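Assemble the complex: chain B is given as a structure, and chains U and D must be docked to it using the hints.
Chains as they are written, first to last, in the UniProt record's numbering: chain B, 1 to 538; chain U, 1 to 307; chain D, 1 to 305.
The set of hints was computed from the structure by calculation and includes no laboratory data.
These figures come from a predicted structure and were not determined experimentally.
No residue lacks a Cβ here, since even glycine has one placed at the ideal position from N, Cα and C.
One or more hints might be untrue.
As the list claims (entries may be wrong) - As a list, the in silico DSSO-like pairs of lysine-lysine whose alpha-carbon atoms are at most 30 Å apart: (1) B:K237 with B:K303; (2) B:K301 with B:K363; (3) B:K333 with B:K275; (4) B:K301 with B:K237; (5) B:K461 with B:K513; (6) B:K348 with B:K381; (7) B:K192 with U:K7; (8) B:K355 with B:K404; (9) U:K99 with U:K72; (10) B:K159 with U:K52; (11) B:K465 with B:K482; (12) B:K513 with B:K469; (13) B:K227 with B:K348; (14) B:K355 with B:K465; (15) B:K301 with U:K99; (16) U:K7 with B:K191; (17) B:K469 with B:K303; (18) B:K325 with B:K393; (19) B:K196 with U:K72; (20) B:K370 with B:K303; (21) B:K461 with U:K47; (22) B:K359 with B:K376; (23) B:K469 with B:K302; (24) B:K192 with U:K47; (25) B:K394 with B:K381; (26) U:K99 with B:K159; (27) U:K47 with B:K191; (28) B:K191 with B:K93; (29) U:K7 with U:K72; (30) B:K196 with U:K52; (31) B:K283 with B:K227; (32) U:K47 with B:K196; (33) B:K227 with U:K99; (34) D:K194 with U:K7; (35) B:K359 with B:K381.
What the hints assert, rightly or not - Just a sample of chain D residues kept apart from chain B, beta carbon distances all over 12 Å, derived: (36) F36; (37) N39; (38) I52; (39) M83; (40) S84.
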Amino acid sequence: MKKLFVGLALATAVSALLPVQAAQVPAGVTLAKEQVFHRGIGSEPASIDPQKVEGSPGGFIVKDLFEGLVSQDADGNTIPGIAKSWNVSDDGKVYTFHLRKSSWSNGDPLTAHDFVYAFQRAVDPVTASKYAWFMQIPGIVNADAVIDGEMPPSTLGVKATDDYTFQVTLENPVPYFPKLLAHYTTFPTPKKVVEKYGDDWTRPDNIVSNGAYKLSGWVVNEKLTAKRNPFYWNNDKTVVEEVNYLPIPSATSELNRYKAGELDMTATIPLDHFKKLQKEIPKEVTITPLISTYYYSFNTKKKPFDDVRVRKALSYAINRDAITKYITGQGQKPAYSFTPSSINGFVKPDLAWEKMSQKEREKEAAKLLKQVGYSKSNPLKVELLYNTSESHKKVAIAISQMWKQALGVEVTLRNEEWKTFLDTRREGNFDVTRAGWTGDYNEASTMLSLWTSESSLNDAKWTNKEYDKLLETASSTIDEGKRGLIYEKAEQIFSSEMPAAPIYQYVTSRLVKPYVGGYPMNNPEDNVYSRDIYIIKH
Amino acid sequence: MLKFIIKRLAVAVPTLLVLITISFFLMQAAPGSPFTGERNLPPEILKNIEAKYNLDKPVWQQYFLYLGNLAKGDLGPSFKYRDYTVNDLLEQSFPVSLKIGAIAFIFTVIIGVSIGTIAALKQNTILDYIIMALAMTGVVLPSFVIAPLLVMIFSITLQWLPAGGWNEGTWEYLILPVTAMAIMYMASIARIQRSSMIEVLNSNYIRTARAKGLPWRTIILRHSLRPSLLPVVSYLGPAFVGIITGSVVVETVFGLPGIGQHFVNGALNRDYSLVLGLTIIIGSLTILFTAIVDILYAVIDPKIRYQ
Amino acid sequence: MTAISPSADKKAAVAKFAKDLEIEGRSLWADARDRFFRNRAAVISLIILAFIGILVVVGPWLSPHEFDAIDWGYMAAPPETEMSHWFGTDSLGRDLFVRTLMGGRISFMVGILGALTAVVIGTLYGATAGYAGGRVDSAMMRVLEILQSFPFMFLVILLMTMFGRSIYLIFLCIGGVSWLDMARIVRGQTISLKGREFIEAARVCGTKPSAIIVRHIVPNVLGIVVVYASLLVPSMILFESFLSFLGLGVQEPMTSWGALVNEGAQSMEVATWQLAFPVFFLVVTLFCFNYVGDGLRDALDPKDR
Chain B
1 MKKLFVGLAL
11 ATAVSALLPV
21 QAAQVPAGVT
31 LAKEQVFHRG
41 IGSEPASIDP
51 QKVEGSPGGF
61 IVKDLFEGLV
71 SQDADGNTIP
81 GIAKSWNVSD
91 DGKVYTFHLR
101 KSSWSNGDPL
111 TAHDFVYAFQ
121 RAVDPVTASK
131 YAWFMQIPGI
141 VNADAVIDGE
151 MPPSTLGVKA
161 TDDYTFQVTL
171 ENPVPYFPKL
181 LAHYTTFPTP
191 KKVVEKYGDD
201 WTRPDNIVSN
211 GAYKLSGWVV
221 NEKLTAKRNP
231 FYWNNDKTVV
241 EEVNYLPIPS
251 ATSELNRYKA
261 GELDMTATIP
271 LDHFKKLQKE
281 IPKEVTITPL
291 ISTYYYSFNT
301 KKKPFDDVRV
311 RKALSYAINR
321 DAITKYITGQ
331 GQKPAYSFTP
341 SSINGFVKPD
351 LAWEKMSQKE
361 REKEAAKLLK
371 QVGYSKSNPL
381 KVELLYNTSE
391 SHKKVAIAIS
401 QMWKQALGVE
411 VTLRNEEWKT
421 FLDTRREGNF
431 DVTRAGWTGD
441 YNEASTMLSL
451 WTSESSLNDA
461 KWTNKEYDKL
471 LETASSTIDE
481 GKRGLIYEKA
491 EQIFSSEMPA
501 APIYQYVTSR
511 LVKPYVGGYP
521 MNNPEDNVYS
531 RDIYIIKH
Chain U
1 MLKFIIKRLA
11 VAVPTLLVLI
21 TISFFLMQAA
31 PGSPFTGERN
41 LPPEILKNIE
51 AKYNLDKPVW
61 QQYFLYLGNL
71 AKGDLGPSFK
81 YRDYTVNDLL
91 EQSFPVSLKI
101 GAIAFIFTVI
111 IGVSIGTIAA
121 LKQNTILDYI
131 IMALAMTGVV
141 LPSFVIAPLL
151 VMIFSITLQW
161 LPAGGWNEGT
171 WEYLILPVTA
181 MAIMYMASIA
191 RIQRSSMIEV
201 LNSNYIRTAR
211 AKGLPWRTII
221 LRHSLRPSLL
231 PVVSYLGPAF
241 VGIITGSVVV
251 ETVFGLPGIG
261 QHFVNGALNR
271 DYSLVLGLTI
281 IIGSLTILFT
291 AIVDILYAVI
301 DPKIRYQ
Chain D
1 MTAISPSADK
11 KAAVAKFAKD
21 LEIEGRSLWA
31 DARDRFFRNR
41 AAVISLIILA
51 FIGILVVVGP
61 WLSPHEFDAI
71 DWGYMAAPPE
81 TEMSHWFGTD
91 SLGRDLFVRT
101 LMGGRISFMV
111 GILGALTAVV
121 IGTLYGATAG
131 YAGGRVDSAM
141 MRVLEILQSF
151 PFMFLVILLM
161 TMFGRSIYLI
171 FLCIGGVSWL
181 DMARIVRGQT
191 ISLKGREFIE
201 AARVCGTKPS
211 AIIVRHIVPN
221 VLGIVVVYAS
231 LLVPSMILFE
241 SFLSFLGLGV
251 QEPMTSWGAL
261 VNEGAQSMEV
271 ATWQLAFPVF
281 FLVVTLFCFN
291 YVGDGLRDAL
301 DPKDR
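Next comes chain B alone, as it looks inside the complex (with noise of 0.2 Å):
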């Protein structure tokens, strides 16, 4: 996984000699003559409006559609886009983005300014933007009053020293900066068609975009059609001339339309089918690692989950290789750590309950259970809090089986539908609860400053101090090394504290006809980019 840190703890420019991803068509492959491309994207997409989008289904039309200062490759690095090259002052505060020459999908020049517009509009309490803290990440200067309403947009930090030179100002040092700038929040956005159209610029009949696909068609719940854009910049390389996305929410309906050939690339494949499919048509279930962590939350707040000792017994009950094996089945991995190992320059943290067999795990967790004073007279009662859905609820009876014959806890399930259940979860009303998390950039900061004392996703309500300096430490050291070794500190404090039980580590797993091309085997963000594809003939 680990390759050039592009950008980080360079402070001289990074010059274009860098790959730049573009759809690579190994020789003596004949390609289709209908270069069309159907996947799936899950659901309907909440807007492809780059600062309003939210969730995955959106994120796959928008990196479609635009390209922001850089992209990514088919490992998840990070690549030039827009901007061709880019240098860090000698503080590190201050970063300054060369851009190529190109233009939007109706032929105007794409400049710095456009840069300027996006950065501002994400954080202006105008544009109502869910995203808005994705500038409060790296700190730019001014993001939270901005956010806060305390100061015009126009004193964010960012500005165009001339049409193709870009700077963005940090409060602090942020070497992972640049990493950032894949994801869509950053991307650029037509001004003069924003303020033209309204909330309705992003119809097909009034859109503009910079990306290698402009968006052609719209039927919401039904289907976003995209044709190539041809005044992208790297259009030469494109070879998909028209991507459908198909929002299908059911996944077994989703699975019948790619046996019946309407789709080339699912969004997901519903549990009861893997193990048949991998048998049947093993060349077209593709896994690929995920950025993100299944977990259980214990209310450290709430006796008697403010006992370290009853947080660990918990955890260490359950057969996370029972549960990967059996249950998700997919080529999930156990977790034991928070961060998962797919991420980009972490080191795996050397943890002794890791390295126990089960039954020293259910052993010691029995006694440790056992010293709190818990028995089978008297068993611990928990509720396990968890939302609707498939295999969420397969987790839970699972681990609530192992909880019972292991240590005889008595477990009450409850389930809630989806925002219900957000709201329970944020209020404390809970003993154990199921949680997930995704990182938003390929560094495990994405995933450690979860459990910092002040971070709103904290819903255990653990606080320590000592992890909460580490991760301060981590997010101003420059060196990549050094920054590794102060997360495995981190994790150490997590596995001893126990705050919450890490269960598996996610993957992408979908179906792809083998006739599609291209296909990013190992992008841990799961961003498959259109124009990355190729239909082959079939």
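Frame of chain B; chains U and D shown alone:
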């Protein structure tokens, strides 16, 4: 007659108002907000979003704002689909449900009435039993079993028809969803038609007609069919609304862009404005059709009017 | 969406019977009963229903498995006798035989309790309206009219998504929306009862109206109410399965036929038995309920046959 119609429609307005009010406050009371997600939004961002949708105002003020906009025909912006207003979404999805619903409805009535009549005429023969057993199966088999079965047979195994999608409503995309939707109501209508036809055939005036030696065809088409349709007519109101709204299952299985999918997703996403908009549309439809059926009934059977 | 009320012909038959009953008195019941027992399909259905009912109650004890226990070695296993997974297991390795029967308990319960809720509300509402008469009556009937044109299914979906999905809420919801026809029928009955001597007598004695309704009117309409309720049960079961399809059914690890059928439908190409057994039970039960309902209708309204 006119008085009856006016009276019937006068009830519609308060009914709708009550419906809007109940749904509005029900959603206010529901746990969860349209803007909660896996990541808890920082309070200042949440504040900005709420201000944009007027959610920072007191509830009663939101209510009257909504009613005011509604009077102008504006259903507000969708909370979930940020590029669309509710009016846009309904404009796109309603015709889809209407088209499938109307076609399914026509088929349902024609086929349902025909096989019901045939079964009645061939009462207690093998044909009758077969038709009625099939009809019963149609009634008891949930549509979420029928629909995927149809897909499995006709799309995956035989590869005759597409497994889903709308494609602007071209015929091959319509066949399976319409069939799935029609089966259940067709079966109900066949059963109703059969028993009412039997009743009519046993009535005195048909016996008289037969005794007079009128040909069978005339007896059935001229004298029996119309009166036997009365119970079917009373079933049509709920059936039509049911078919249009009942697209929930079929639209989910076949991935059709109609209002059924919007409703379920809307409720799950807490897309208040979208759900309210749909409730109003469906409520008006229900009210309209109950009224039409009542009026139709009054036309066919004058006794009703004087009750 | 599934309509949760019996079909129009059955409603009409019940109402008509109620009218005749009033003219001819008690012996009609006896006639109806005789006619019902002469209807072979209805009687066989009744026997099958009784059999399923007993199986659902005692069946789970016949199997060595718990309904929520996972058999790790037998995930999604087809039916076999060695491990006593007679109906196979579901995708989590839980025994399908036990789960089908447990699901049956829930489905029956939803059907019966849902019908009961409808009956209680409908009877009281109808009796009150009918007994009070005059303005109260017409006001109550107006309300009924308004309610009748409500898109109730949608309210039910709203309620279920937003306020959790306890089994009580399910039958409350289902029952709460299907009492309207019941109220109409009872009201009609009450109006005709009102003029009877025994009601007059009670009134003269100074009995409170609420007591008259509960003690004198309700017992007299009970027969017709029970018949109507029996027709409601299958529609309730079907509606519960619709809720299950939307993922709004009962809480895991509990299950219902609707939930099982829905799970089965998701995996029918991989594990046919997961769909076949629950669907068989659901369909047979609904078939039987419908035949019994038809039998009742025919028995009450003999002109049809």
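Quick rundown of the hints versus the structure:
1. B:K237 with B:K303: Not satisfied, since the Cα-Cα distance of roughly 60 Å exceeds 30 Å.
2. B:K301 with B:K363: holds (26 Å)
3. B:K333 with B:K275: holds (17 Å)
4. B:K301 with B:K237: Since the Cα atoms of B:K301 and B:K237 sit roughly 56 Å apart, the hinted pair is violated (cutoff 30 Å).
5. B:K461 with B:K513: Violated, at about 45 Å.
6. B:K348 with B:K381: Roughly 34 Å between the alpha carbons, so the hint for B:K348 and B:K381 is violated.
7. B:K192 with U:K7: violated (54 Å)
8. B:K355 with B:K404: The hint holds at about 23 Å.
9. U:K99 with U:K72: holds (27 Å)
10. B:K159 with U:K52: Holds, because 27 Å separates the two Cα atoms, which is no more than 30 Å.
11. B:K465 with B:K482: With Cα atoms ~20 Å apart, B:K465 and B:K482 stay inside 30 Å; holds.
12. B:K513 with B:K469: Violated, at about 48 Å.
13. B:K227 with B:K348: Distance of about 43 Å is beyond 30 Å: violated.
14. B:K355 with B:K465: Roughly 27 Å between the alpha carbons, so the hint for B:K355 and B:K465 holds.
15. B:K301 with U:K99: Violated, because 55 Å separates the two Cα atoms, which is more than 30 Å.
16. U:K7 with B:K191: violated (55 Å)
17. B:K469 with B:K303: holds (27 Å)
18. B:K325 with B:K393: Holds, at roughly 16 Å.
19. B:K196 with U:K72: Holds, because 24 Å separates the two Cα atoms, which is no more than 30 Å.
20. B:K370 with B:K303: Within the cut-off at roughly 16 Å; holds.
21. B:K461 with U:K47: holds (23 Å)
22. B:K359 with B:K376: Given pair B:K359, B:K376 holds - Cα atoms ~19 Å apart, limit 30 Å.
23. B:K469 with B:K302: Satisfied, since the Cα-Cα distance of roughly 25 Å is no more than 30 Å.
24. B:K192 with U:K47: holds (27 Å)
25. B:K394 with B:K381: holds (20 Å)
26. U:K99 with B:K159: Distance ~52 Å between U:K99 and B:K159 Cα, so the pair is violated.
27. U:K47 with B:K191: holds (25 Å)
28. B:K191 with B:K93: holds (27 Å)
29. U:K7 with U:K72: The hint holds at about 25 Å.
30. B:K196 with U:K52: holds (19 Å)
31. B:K283 with B:K227: holds (28 Å)
32. U:K47 with B:K196: Holds - the C-alpha atoms of B:K196 and U:K47 are around 26 Å apart, at most 30 Å.
33. B:K227 with U:K99: Cα-Cα ~29 Å, so holds.
34. D:K194 with U:K7: holds (29 Å)
35. B:K359 with B:K381: holds (22 Å)
36. F36: Label holds. Min Cβ-Cβ 43 Å, cutoff 12 Å.
37. N39: holds (41 Å)
38. I52: holds (27 Å)
39. M83: holds (16 Å)
40. S84: holds (19 Å)
The structure shown violates the earlier hints numbered 1, 4, 5, 6, 7, 12, 13, 15, 16, 26.
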